[in-house]
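Student: If you want the building blocks of each chain, they are given just below.
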Amino acid sequence: MLQPIRSLALALVCVFLFGVNGLSQSTPQAFKGAQIIPISGEPINNGVLIVENGKITAIGDENTRIPRNADVHDVSGKVIMPGLVDTHSHIGEGDGGDRSSAMHPDVRIMDAIDPRSDTFYKARAGGITSVNVMPGSGHLMSGQTVYLKLREANTTEDMLLYLDDDKTIYGGLKMANGTNPIGGGGFPGTRAKSAAMVRDLFVKAQEYQAKIEAADGDESKMPSRDIGMETLVEVLEGKRTVHNHTHRHDDILTAIRLSEEFGYKLVLQHVSEAWKVADEIAEAGVPASIITLDSPGGKLEVMDFSNKNGAVLEEAGVLTGLHTDDGITDSRLFLRSAALAVREGMSREAALESVTLANAIMMDIDDRTGTLEKGKDADLIILSGDPFSVYTHVEQTWIEGQKVFDRANEDHKKYATGGYEVYRGQVHTHHEHGMEN
Amino acid sequence: MKLFKQLLLIPALLLLFGNAEAQIAVKGETIYTMAGDPITDGVVLIKDGKIERVGAASSVNIPSNYEVHEAKVVTPGLIDAHSVVGLAGYLNQDHDQDQLETSSAIQPELRAIDAYNAREKLVHYLRDNGITTVHTGHGPGALISGQTMIVKTAGETVDESVVVPAKMLAFTLGSNLSRAISKPGTRSKGIAMLRQELIKAQDYLEKRNSEEDYSKDLGMEALADLLEGKLTALVTVHKANDIMTALRLQEEFGFPMVLDGVAESYLVMDEIKESGFPVIVHPTMIRTGGDAKNASMETAGKLYEAGIPVAFQSGFEGYVPKTRVVLFEAGVAAANGLGKENALKMLTIDAARLLNIHDRVGSLEAGKDADIAMFDGDPLEYVTNITGVIINGEKVK
Numbered sequence: 009m010l011q012p013i014r015s016l017a018l019a020l021v022c023v024f025l026f027g028v029n030g031l032s033q034s035t036p037q038a039f040k041g042a043q044i045i046p047i048s049g050e051p052i053n054n055g056v057l058i059v060e061n062g063k064i065t066a067i068g069d070e071n072t073r074i075p076r077n078a079d080v081h082d083v084s085g086k087v088i089m090p091g092l093v094d095t096h097s098h099i100g101e102g103d104g105g106d107r108s109s110a111m112h113p114d115v116r117i118m119d120a121i122d123p124r125s126d127t128f129y130k131a132r133a134g135g136i137t138s139v140n141v142m143p144g145s146g147h148l149m150s151g152q153t154v155y156l157k158l159r160e161a162n163t164t165e166d167m168l169l170y171l172d173d174d175k176t177i178y179g180g181l182k183m184a185n186g187t188n189p190i191g192g193g194g195f196p197g198t199r200a201k202s203a204a205m206v207r208d209l210f211v212k213a214q215e216y217q218a219k220i221e222a223a224d225g226d227e228s229k230m231p232s233r234d235i236g237m238e239t240l241v242e243v244l245e246g247k248r249t250v251h252n253h254t255h256r257h258d259d260i261l262t263a264i265r266l267s268e269e270f271g272y273k274l275v276l277q278h279v280s281e282a283w284k285v286a287d288e289i290a291e292a293g294v295p296a297s298i299i300t301l302d303s304p305g306g307k308l309e310v311m312d313f314s315n316k317n318g319a320v321l322e323e324a325g326v327l328t329g330l331h332t333d334d335g336i337t338d339s340r341l342f343l344r345s346a347a348l349a350v351r352e353g354m355s356r357e358a359a360l361e362s363v364t365l366a367n368a369i370m371m372d373i374d375d376r377t378g379t380l381e382k383g384k385d386a387d388l389i390i391l392s393g394d395p396f397s398v399y400t401h402v403e404q405t406w407i408e409g410q411k412v413f414d415r416a417n418e419d420h421k422k423y424a425t426g427g428y429e430v431y432r433g434q435v436h437t438h439h440e441h442g443m444e445n
Numbered sequence: 004m005k006l007f008k009q010l011l012l013i014p015a016l017l018l019l020f021g022n023a024e025a026q027i028a029v030k031g032e033t034i035y036t037m038a039g040d041p042i043t044d045g046v047v048l049i050k051d052g053k054i055e056r057v058g059a060a061s062s063v064n065i066p067s068n069y070e071v072h073e074a075k076v077v078t079p080g081l082i083d084a085h086s087v088v089g090l091a092g093y094l095n096q097d098h099d100q101d102q103l104e105t106s107s108a109i110q111p112e113l114r115a116i117d118a119y120n121a122r123e124k125l126v127h128y129l130r131d132n133g134i135t136t137v138h139t140g141h142g143p144g145a146l147i148s149g150q151t152m153i154v155k156t157a158g159e160t161v162d163e164s165v166v167v168p169a170k171m172l173a174f175t176l177g178s179n180l181s182r183a184i185s186k187p188g189t190r191s192k193g194i195a196m197l198r199q200e201l202i203k204a205q206d207y208l209e210k211r212n213s214e215e216d217y218s219k220d221l222g223m224e225a226l227a228d229l230l231e232g233k234l235t236a237l238v239t240v241h242k243a244n245d246i247m248t249a250l251r252l253q254e255e256f257g258f259p260m261v262l263d264g265v266a267e268s269y270l271v272m273d274e275i276k277e278s279g280f281p282v283i284v285h286p287t288m289i290r291t292g293g294d295a296k297n298a299s300m301e302t303a304g305k306l307y308e309a310g311i312p313v314a315f316q317s318g319f320e321g322y323v324p325k326t327r328v329v330l331f332e333a334g335v336a337a338a339n340g341l342g343k344e345n346a347l348k349m350l351t352i353d354a355a356r357l358l359n360i361h362d363r364v365g366s367l368e369a370g371k372d373a374d375i376a377m378f379d380g381d382p383l384e385y386v387t388n389i390t391g392v393i394i395n396g397e398k399v400k
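Protein chains in written order, with our numbering: chain V, 9 to 445; chain E, 4 to 400.
Fair warning: there could be bad hints in the mix.
What the hints assert, rightly or not - Far from chain E, by Cβ distances over 10 Å, these chain V residues were calculated:
| # | residue |
| --- | --- |
| 1 | Gly62 |
| 2 | Thr65 |
| 3 | Gly85 |
| 4 | Ile177 |
| 5 | Ala203 |
Unchecked claim - Pairs of lysine to any residue residues, derived as SDA-like cross-links and limited to a Cα-Cα distance of at most 25 Å, are as follows:
| # | chain 1 | residue 1 | chain 2 | residue 2 |
| --- | --- | --- | --- | --- |
| 6 | E | Lys343 | V | Lys411 |
| 7 | V | Lys422 | E | Val271 |
| 8 | E | Lys124 | V | Arg351 |
| 9 | V | Lys422 | E | Gln100 |
| 10 | V | Lys201 | V | His257 |
| 11 | V | Lys422 | E | Glu308 |
| 12 | V | Lys316 | E | Phe256 |
| 13 | E | Lys343 | V | Ala416 |
| 14 | E | Lys343 | V | Gly393 |
| 15 | E | Lys343 | V | Lys201 |
| 16 | V | Lys284 | E | Leu94 |
| 17 | E | Lys124 | V | Glu352 |
| 18 | V | Lys284 | E | Asp131 |
| 19 | E | Lys343 | V | Glu403 |
| 20 | V | Lys411 | V | Glu165 |
| 21 | E | Lys75 | V | Thr400 |
| 22 | E | Lys305 | V | Arg351 |
Since the hints were made in silico from the structure, they are not lab data. We put the beta carbon where it would ideally sit given N, CA and C, even for glycine.
The following block holds chain E by itself, in its conformation from the complex (with noise of 0.2 Å):
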């Protein structure tokens, strides 16, 4: 039986790293390598999954056996820095949709690695646009609606698509709150509610950390890890007076956290920028609706000349379209103050840096990962195509 499991193994391991051992040069006109000034006619090796070595093409030898691809435009793969795709699907339907669980308004123990569904449709569709990593997991519409995991647009498994399993805690404030969770009612309910379950995570937490016996409570293991700074606050909010309470909220329970959404953050910038706290800007697209309704199309330009750490998201979509793509949404903000380079730094190296995987992807260097989009043209215009994706050194587009 043991014999049997090993033998079964092989084949799996072959399927996992066979392609990634074929070794592969980039050919780019233009190589953004997020890591210093562009290359212009450059040349990226990749070795067993990593980057080999990056540089002009004229300083840079290519090995013969390995597989050459060519392309006008090179980027590391794009960093979708809050997403909820996997979890929520293309069909739209009842079992393709566990973004949000309705129960009640606070279950901070539901984790992303139950939920995600790798071979989702719409995980595929991200990354044939060049998108290879993904911060995705439970949605916005409760108070806080579970975990979030980083994962590649690769794999077959969550097991091979992860790279961080739990990090961070989707919080919303404000009034985007499902309607199928009856209490709260208000946003001051709301904020009570949250407070009432720190305070009992702050008394879990001690008990925790004391040797006194302590029977374990799911929920509370996740908000004690928030408190212990294991994870991080993903709090979804747009109203300028919302934002406040956000900071106010975090300033009591001192935990780490990242702004999310902030569509009227052009009104307390200052605030803002004096937390420290980094951002993910709202779609540029965002309708404006809701609490959203004052949302600008400038405000990730004006984070970003603010000098807050700033990422793109594609959000949480109900309908059509049922995801966005970082990638058009950034091009857009580019065209509205932000512009070209810097909305290119925003879809790679500074998401990488906002959520902490910039040991491994966001810009092309030596011994990162070998993950790398390809394009006919300048990666922001509209009627430029993708034209090749790797991720951990294999030919994924």
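This is chain V alone, in the form it adopts within the complex (with noise of 0.2 Å):
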């Protein structure tokens, strides 16, 4: 008697917790008739994409066994890619770092995210399933930013992506040098004085961090706790990776030499004058976070960006990934941006690599995203067409083995065309906060 009041119970916290359609994860999704393109192997035509308890669980041609329970969806004449993933966004609301420092190792940007932004609803849109969403580049270290699967999601920790299995470590270290983070007050006044505070920080962590060794396991021995010292022991042990905002060739050199001093994982990010240093780069093995524009130009230190970065780098042989930046670029028009790249000489593949494999591969993120592949998570987006067309619209993004946007649904498409009161957020203009781009 006490069983099904239990099963029913527990049937209806699945229904508060996930909503109806977690209960349809157990049926089995199956796509067939489109072109998949895994980005892990050569794309199939006539393809069929099982999906089950939110996990790849078949990907193959058209003779792929299809689960007798399955909904099977016909998308015939369709593309499906991995859902794609941005290195660099500042969707969510969220803040960062005050003015009272330059660097706030100890500031969480997680803590300031609203998780109903409709920036959200149109990074969906835009077919992006995983997102670091960062804090501005007005100062040295303006925070910790935070790795998101965009499921529909009541809370921020909804949508975490954790990097342990302890659950503490969820994003990287956002840093930026060159002319952003200058300014007065507590500020640098120079490139060589950000260098040099930059230096000073990590050495204190060294130390902290030799503390804590020191005392090995002995609590009374421990230094007291300090939350910007934890972060950047994280950041020293290879735990949290560093996402370096910078434009000039110089800094960009000046980025990679303090991540060899100290150590740590680092992605440059923007990378506006790449292509002057791009052998430089692959010879660090340091991956690079890049950007496509419709103009050059806006400050000084971008004078010589170019969309040719990306083709570059392909050529150096450096790990190239693109991101939106939102507001800079728009998170419903991701696809745009690798396409920019392939204009200026990229190859498709890795344009197509550029917006998921290598992303997920700079966010520690690789092994459940990225790519279509027997296993990992069923983040996927269904195109019309090609992926590079202009023409070409995200028609559905799932997250996990849900549909999180159709652009057959009215009140989905407004997120991707826009239209009367659709959006209440504020879109993050880097303009007003002191040139964070």
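Put the complex together from the two separate chains, hints included.
Tutor: Laid out in structure tokens, this is it:
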């Protein structure tokens, strides 16, 4: 007697937690007829993709067995590829460190994100399923970033992408060099001072780390807790990646120099003059997260920006990803960014990787997303055609087996096109926050 | 001294017209003439800077002394119906930002020709993207920020580039006024200020038209030109209520007008259509914030469908990207309800008509300026490149 009641209660809890969609997870979803671009291998024409319990359970040609109880989606003529991964975005209406200091390793953007922000709907409409949301670039260290899976969410926790089993790390650390962090007050006045301030803090973090190691588990010998230092120790231990905003060729090399001195994992962000130092970046083995833009200019530091960066970095053998830097470019049109890289000579294959696998690798989430492979999260997008065509739309976005965007539904489509009172949230305006691009 | 001056003039003239004298034939697998159906395997002959002949390759004989260029797709040079390039520069430093003077809210006397930098990188950037004609000048951000002009994206001085030296007066209604301008503080105060100024201009015009003496005032001269229809009001406005205010203001003073931006035009489409005024629609990819919060990528298509004359703009950008490119904006509009052929029309002949320069540009027809863009595929596709640009019969890319 108790048993059925408990089951019912459990089912109700499930509905409450996951919504009605959550229950259908147990029914396999089969997509057939599309060209599947798995990224991990050659495109499959007329392919079949099976999704069950949020994971990809099979991918193959038309002869792939479809479970008898599956919901079959005939997507003939469409293109399926992995959900897009964005390594640098400002969606979610978060913030970061304030003007009290140039370095805020203690500050988490996690504590400022609005999970109901319509900017998340825009990102889903653009096919983005995983994203690194960062504080701005007006500081040497503006705070901890957050890696999100854009599941339908009630709380920011619902979206977190944990990188460790203890669920303590779910993002990187945002750093910046060049002109953005330069200013008055406690901020550096020159580039050399910027580097010295960062080095000084990392030296302190090394000392803090040494004290922890010397304590060897003895609580009484542990240094008093310093949440900024704790974050930097995570960086020194390679558990937390530094995302370093940088534009000019010499600043790019400075970012690499500091990462080598302290041995931390680095992703170069923007890298506007990458084409001048592509071989040096390749030599250092550091990945580059770049952007494509409709025109160059806007500030002195990016005078030599080029949309050719993608092609040049590919040629040099650098792991290259693209980002939106939303609101600099629009999450709804993230695939367009990759197409603009192709326009300037990047290969189609590398450009597809640059919005999927390459970014997943940079965020250490490539074991679960970024390609369509058996066992990975069922994060996928269904396109009306060629990923690089202006006429192509993202028709559906699926995250872990749940459909989170469907262009056929007017209530969803409006987030892709815009319209009257569709967006309530504020687009992150870099301009007003002191040149944060 | 006089002779010396004349001697100087000769190389200058050679520099100006030397290249234009080269006769050119442009062969295209598809030629969008914008004057009839596209021509498959066509030829455009160019002589002395003008289009000499357009037709099928089979029917047009290319004289042996013509320099031949080939392209997959050929269109008329593209037209950006509203920009600030040349006044607003690429560096985004104080010394290259002349699109907005903030010393007062109404300054119709400011001429675009006195601030245009023909060598500006952003102008060349647009040119390299197939844009050969730009309506540019003072930007949004003041009730009346100044005058606009029409230029070709070729030439090294404003005099070499200019097509129409004074075209419109740039108005801004709504909340998008520069914070550096202290007055007005509200929408209604702004309209009161404009009305008072236009009433003054009515009196001024009356004096100007009578024989009586009057002291010349540059601002009043420009407003009197507006009231006489020699200049057109370019009213940048986004919200539906502000669009209605623009129509109300126009009705009171009877000046020619172009509505610009109009993010919420879909709410007052009938009223706009009824007014008969054309629209330069906001960039399709405009950031959805401020007065343009409710912008939609489908608006260009809806305006077109309603039969309202409409053209594309690059608009004004304060940061990154420093300018938009109408070719890109047209592509995204085409994919959101407008369609490819309509988008190409809006980029060329429709924009030329809206700016009243269609006797010179906007289509490939004998006698028109030889302004041509060449592409290696569908012009609107993201991955298509511009392979050549010709302005006034001179290959500039």
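Student: Does V/Thr400 sit within 25 Å of E/Lys75, going by the straight-line distance between their CA atoms?
Tutor: This hinted pair holds, its Cα atoms lying about 22 Å apart.
Student: Straight-line Cα separation of E/Lys305 and V/Arg351 no greater than 25 Å?
Tutor: 29 Å, violated
Student: Would the least Cβ to Cβ distance between V/Ala203 and chain E come out above 10 Å?
Tutor: 25 Å, holds
Student: Minimum Cβ separation between V/Ile177 and chain E greater than 10 Å?
Tutor: Non-interface label on V/Ile177 holds, nearest chain E Cβ at 31 Å vs cutoff 10 Å.
Student: Regarding the pair V/Lys284 and E/Leu94, is the alpha-carbon distance no greater than 25 Å?
Tutor: 20 Å, holds
Student: Can the restraint linking E/Lys343 and V/Lys411 be considered satisfied, given a maximum Cα separation of 25 Å?
Tutor: Given that 25 Å is the threshold and the Cα spacing comes to 31 Å, the pair is violated.
Student: Are E/Lys343 and V/Gly393 close enough, with their CA atoms no more than 25 Å apart?
Tutor: With Cα atoms ~16 Å apart, E/Lys343 and V/Gly393 stay inside 25 Å; holds.
Student: Would you check the hint for V/Lys422 and E/Glu308, treating anything up to 25 Å between C-alpha atoms as holding?
Tutor: 19 Å, holds
Student: Against chain E, does V/Thr65 hold up as non-interface, every C-beta pair farther apart than 10 Å?
Tutor: Non-interface label stands for V/Thr65: nearest chain E Cβ at 34 Å, farther than 10 Å.
Student: Grab the minimum beta-carbon distance between V/Gly62 and chain E and tell me whether it stays above 10 Å.
Tutor: 32 Å, holds
Student: Taking only the CA atoms, is the gap from E/Lys124 to V/Glu352 under or equal to 25 Å?
Tutor: 19 Å, holds
Student: Just to be careful, I want the Cα atoms of E/Lys343 and V/Lys201 compared with a cutoff of 25 Å; is the pair within it?
Tutor: The given pair, whose Cα atoms are some 53 Å apart, is violated under the 25 Å limit.
Hint violations for this structure: numbers 6, 9, 12, 15, 22, all remaining hints satisfied.
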